[in-house]
Each structure stands twice: as C-alpha cells, then as structure tokens.
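The numbering of the sequence shown is the working numbering, which starts it at 18 and goes up by one.
By construction, these hints were calculated from the structure, which means they are not laboratory data.
This one's a predicted model, so the numbers in the text were calculated from it and none came from an experiment.
All residues carry an ideal CB built from backbone N, CA and C; glycine is no exception.
Check before you lean on any hint, since a few could be wrong.
To be verified - Derived Cβ-Cβ restraints for the label pairs, each shown as a range:
| hint | residue 1 | residue 2 | range |
| --- | --- | --- | --- |
| 1 | L460 | A28 | 16 to 26 Å |
| 2 | S99 | A51 | 37 to 47 Å |
| 3 | T121 | G286 | 18 to 28 Å |
| 4 | G286 | F53 | 19 to 29 Å |
| 5 | A51 | K95 | 51 to 61 Å |
| 6 | S209 | N23 | 24 to 34 Å |
| 7 | A28 | G101 | 22 to 32 Å |
| 8 | Q385 | S175 | 27 to 37 Å |
| 9 | S439 | L21 | 31 to 41 Å |
| 10 | L57 | F139 | 40 to 50 Å |
| 11 | P137 | L460 | 19 to 29 Å |
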Amino acid sequence: MVLLENLAKLAVQSCEIEKELFDQYGVKRGLRNADFSGVLVGLTHIGNVVGYDNVDGNLIPREGELYYRGYELKDLAKGFLSTGRHGFEETAYLLLTGQLPNQTELTDFTEYLAEQSELPPFFSKNMILSLRGRDVMNMLARSVLGLYAADEDAEDFSHENLMKQAISLIAKFPVIVAYAYYGMRHSFQRKSLIIRHPQKDLSLAENFLYMLKGNDYTKLEADLLDLSLVIHAEHGGGNNSTFTTRVVSSAQTDTYSAIAAALGSLKGGLHGGANLKVIDMMKNIKQNVKDWTNKKEVSDYLLKLLNKQAFDHTGKIYGIGHAIYTLSDPRAVLLKEKARELAEEKGRMDEFNLYALIEELAPEVFYQFKGENAKIICANVDFYSGFVYECIKIPKEIYTPIFAVARIAGWAAHRIEEVTFSSRRIIRPAYKCVIDRSTYLPLESR
C-alpha cells in the first residue's frame, strides 16, 4: 500500500541517529560499558552471574559461576541429582524465599504448587482454545493477562498475595504452554486436539512432559527437563526480561502486567529462541561437513560461518559467546554432562561428539579470525539446550516457552523484591533529544 510505504519511509528517516553522537554524549548503548560489562543500575539478593574478575579496572576471564540466593548453581544441582530427585520445586522455593526448604517445607510447597496448577473454570476453552493463536509465547502472554480477570485480588500488593500470585503463575505456566501448543496445532496444522490434565503426584517437569507426550517419556528425559528448568530459572537482574519485570514493577503495576511484559521481552529473537538458531546451524553443518570428527574440516566450516560465507551469512556461530561468561558457562557445563547420557540413550553420540568438537574448536577459530584483541568466548547454555529438547522430542514451537516455564520463578522473585524493598524508586533513566529545533508551518504552507 503506497500510503503505508510512504509513512514507513518517513518514520525510518526520522529514526536515524548518528553513531558519533552516542560517543559524544557518553551514552552507554544497550546499558553496556566500553569493556562490555553491564552498567550497574540496581542491587539484588536473588541472582549473581560471575564471568570475570575486575582487577584495577581490567576484566580478567575466569570459569563461570551462577548463584541463586548465594548458593552456587552447581552445588544445588549436585544436591538433587545425587539423590535422584527433581529440583525445580526446591529451586523455586529458594528463589522466592531466600531459604532452602527442609523436607516438610518442600513437601508442603510442592503440594500447594500442584493444587495451583488448575486453571480457572472455562479458561482453557475461552482463553486458549477458542481464541486461536499462531505463537505459543503470544498465547501465554495473553493468558497471563487473562488470569488478571480471574483474580479478585489482582491489585492487592500485600506480601502474602504477591507470593500467592507468584506460585500460581509458576504452577500454571506448564499447563498453559501445553494446552496452547495443542490448540495451535489443532487450529492451524489440522492435527488432533489433546488435553491432558496435570497429575498431582508428578513433579512440575514430569507433569509438563506428561501433558505433552502422555506416558511416552523416560526417566532420563524427565530428569533432563527438570535440570533444564533449574538452570534457566534465574540469571540476575540485568538480563532483558528480568530487567523488564523490574522496570514495569517499579511503576507499581500488577503482577500479571509485569509478567506479560517479561514474556514480550523473552519472545524477542535477541533474547529467547537462541537454541532454535543453534539447531538450524547444526543442521547446516551436518549437511556440509562430511567428516564430523575431522578437526580441520570442522574448523574450516566454522571460519566460513564467521566470514559470512555459510548458513545465514550473519557471521555468527550460534550458541558460542556470552555477554558475561568468558571461560565457561556453568549452565552449559551442567547440561552437557547430562546431555551425554541422553545422547547415549537415544543413539545420537555422533551428533553429541560433533557438538563437543565445535565447542572445543569455535573459540580457537574465533580468536584466529578476530586477532589478539578478541573477546574471550565459550559455549553458552543455548548451545546444548536445543539438542536436549530435540532428543526428548519436544516441539520446536515450545523451546522458548520452556524458557518461560523456568524463568517465571526468577521473574516472580525479582518482582517481589522490586515492589517490597525499602529503597525502591520508579526506574526512570534519561534520553537526550538530539534533533534540531524546527519552525512550525501552518497547514496551508507545508
């Protein structure tokens, strides 16, 4: 349409800002410092992401660490994995309360969480199935806003009600995602509509698999999904979706609006969905590299990726590199260990070994390509998560929604902190207007 084309052209022209102006005014684009570290905008007790040491203003690479409420992620994972139990419920309790539960507290919390998984009457039909949608993240976001209408205390900011809302959303997210997926494929792919009600005796991770696949899953698959939920549950206050939660919550809006905003952030291709890019890239590599064990052939193809000569010609090796982690991403380390077991169970060790080889070679190729000033990089969690979901046979349409099923625990914890801590203020940074002044012309003179 000519009108829209002209309007769009004018809008794009009016949005152009010279890059030099950002340097002139000292603007920290993307809230990043010149050394790629994040601009400090807040304090938290919830999550801590460690990827380097700051020594006299210099960033020194180190093995990555991730802390939930002061507890290192690898210790939390070792704790539940060593006893053969699932850990997401315990992790959610920790993030929300700041304390690790004892057995009685964990049992009570898990039972209450299971009770809260039930959706309001007619919600599944009216909000999810009848109101059709082509994107599960969009359907999840609108369902969260729909839950506002079902909550008589939606605007109650009491501490008890904030906790009630948080637990309710954590419990309901897997159900909404599973139902939304089947509703979407029924409406737009002409496939069977399957609705399985959550089972009170299953963990949240296992319940999610049950609602997606019935009883067609193994214990290892359930264990891997639970671990994936744990390692995605929190990642500090500076990631885009959590920061969105805090920005919107600082305005004293309701829980549902804040979480819907976070979902909008996570839906963005620069935040959620990176593992889908990894899957597509790996498919391309497997098609074009004849010998998956040949280091030179693999390295040569990775160099083609960096030179924008292969795959999507963006110059990226997806799943490699992170804003904070340098020598290692602790989430990727944990997931890789269990992914090996899953690959063995599924007969996909050749693919797993290719992933491992690329993880080994990619930093070396990157440093050769960029030179001595290259940023230190490593495999991030997205590099292996897509492979895990593929092995479990989870549909690609819900890779990013799974991220949300996990991260809602962190979002909820950050929201509670943002609206309750004593030094709170509405988050309100500054934008400098750099357009020249114009003289108004009457309509007939334009």
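Structure-based check of each hint:
1. L460 with A28: 16 to 26 Å: Since L460 and A28 have Cβ atoms about 20 Å apart, the given range 16 to 26 Å holds.
2. S99 with A51: 37 to 47 Å: Between S99 and A51, where Cβ atoms are some 43 Å apart, the hint holds.
3. T121 with G286: 18 to 28 Å: The hinted range 18 to 28 Å is violated for T121 and G286, with Cβ atoms some 44 Å apart.
4. G286 with F53: 19 to 29 Å: Taking Cβ atoms as reference, G286 and F53 lie about 20 Å apart, which means the hint holds.
5. A51 with K95: 51 to 61 Å: violated (37 Å)
6. S209 with N23: 24 to 34 Å: violated (46 Å)
7. A28 with G101: 22 to 32 Å: violated (57 Å)
8. Q385 with S175: 27 to 37 Å: With Cβ atoms ~58 Å apart, the hint is violated.
9. S439 with L21: 31 to 41 Å: violated (49 Å)
10. L57 with F139: 40 to 50 Å: holds (47 Å)
11. P137 with L460: 19 to 29 Å: violated (52 Å)
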